[in-house]
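In full-length UniProt numbering, the protein residues as written are 1 to 369.
One or more of the hints may lead you astray.
As the list claims (entries may be wrong) - Derived BS3-like pairs (lysine-lysine); straight-line CA-CA distance at most 25 Å:
hint, residue 1, residue 2
1, 236, 6
2, 2, 71
3, 358, 35
4, 358, 71
It is worth saying that the hints were derived from the structure and are not from the lab. The structure displayed is predicted, hence computed values, not measured ones.
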Amino acid sequence: MKQYFKYQGGKLPLPVFFPDATRAVVRTVDSQDIKATGTPGVLVNTYHLYLDLGRKILERFGGIREFMGWKGAVISDSGGFQVMSLAKRAGKRGGVTDKGVKFKLSGKKTLELTPETSIEFQMALKPDMAVVLDDFTLPNSTRSQAEESVERTILWAERSKKKFEEICDQQGLTEGKRPYLLAVVQGGENLKLRRLCAERLAEIGFDGYGYGGWPILDNGEFNYDVARTIARFTPKESFLYGLGIGKPEEVVNLVDMGFQIFDCVLPTRDARHKRLYVFDSASINQIDVRADNFYEFFSPQKQIHYVDDSPISLACDCLLCKNYSRAYLNHLFRIEELTALRLATIHNLRFYSILMEKLRPTGSDPVGV
RNA sequence: GCUGGGGUGGUGGAGUGGUCAAACACACGAGUCUGUAAAACUCGCGGCGCAAGCCUACCCAGGUUCGAACCCUGGCCCCAGCA
1 MKQYFKYQGG KLPLPVFFPD ATRAVVRTVD SQDIKATGTP GVLVNTYHLY
51 LDLGRKILER FGGIREFMGW KGAVISDSGG FQVMSLAKRA GKRGGVTDKG
101 VKFKLSGKKT LELTPETSIE FQMALKPDMA VVLDDFTLPN STRSQAEESV
151 ERTILWAERS KKKFEEICDQ QGLTEGKRPY LLAVVQGGEN LKLRRLCAER
201 LAEIGFDGYG YGGWPILDNG EFNYDVARTI ARFTPKESFL YGLGIGKPEE
251 VVNLVDMGFQ IFDCVLPTRD ARHKRLYVFD SASINQIDVR ADNFYEFFSP
301 QKQIHYVDDS PISLACDCLL CKNYSRAYLN HLFRIEELTA LRLATIHNLR
351 FYSILMEKLR PTGSDPVGV
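Could you put together the complete structure from these sequences and hints?
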């Protein structure tokens, strides 16, 4: 198990949660806001930034970090999730072939992403960790569909690593200077396939392995069996990464299984959808993340908060909780003022950063961002 | 006081003889959201019931009609214009 996550500004104690700054911004907040929440890093997305940004811009700025004025860590995602959310939607195979994925854009345009182009672009972003393009195993895939996505994921991982090493050699990025490279384990709910995928990826060799695909079962419960399988059949000294995971209690449980890196849209999207996370505790010190129901949701727009002069949470020290009342936030949401979204997002980011602080071994260095 | 328009659910506002427990919107309530097509979406919203369904409703009181929120008579109230 890794002791820390090395990035351009130093070392981060683990575990860490990175919110999704898909298009080089966490919606409604800026990089300084993110920093102020104690958030150590963000995840940016290859698919979106590939469409938004040209190479010239990245070259001029020397990477996405400088472009967005962010001093923390950065992981770049490969576009693998978009293979599912955009290319394979409605149960189709989309434009997925062994070569890569073709996305249909508006009009006649298409975007082709291959394992190689994804890595190339990610290297231009200059992240601290890059992710290989993977073929998302759709939920409820047939056995043969799942096998196909696993085979392709392994094939693509191999090609990604080759390209990655090529670029590292070209740029003189020796061991210790190059970013981490993460492979993604697919295979759906089939544990044998997950094991096969994990082992084959491990043979190729990566810095870390991700829990890919869709982690939620049909009954709405989190699929911890897959998490255990991935943890068990990957090298002990590597990172375990829960891609797009998850709810606070899911993060806690996965940390207990050895997972150390997480990213998810939940805290930021929930904030925009008026769902704030509140520790069920009277102070930050008293938070017990191993307790049942250690947090609850707060809905700021509700009528009962119209005249409520208390803070959103007693167990929080974010910009919102330190300075404003429930009534004021209620008002800001009612009049649809953008600041409501910003404050809510900042609050939920702080919730997750406190959560991760509580999950770190006592005595580990605070995140010095 | 005269003239004209109007009184429908928490609100605004459709409906103008049967298919109305009442469009649509807002408000309110309950949910969903997991490598961001998402400041989005779903559901409920007269009462009772798990439900099929039953009951009470369109200012008030009468009337016409097989049948009225819709037509007629009277009353009360509101709004606009003129005095």
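### Message
Of all the hints numbered above, which does this structure not satisfy? Sort the numbers upward.
### Response
none
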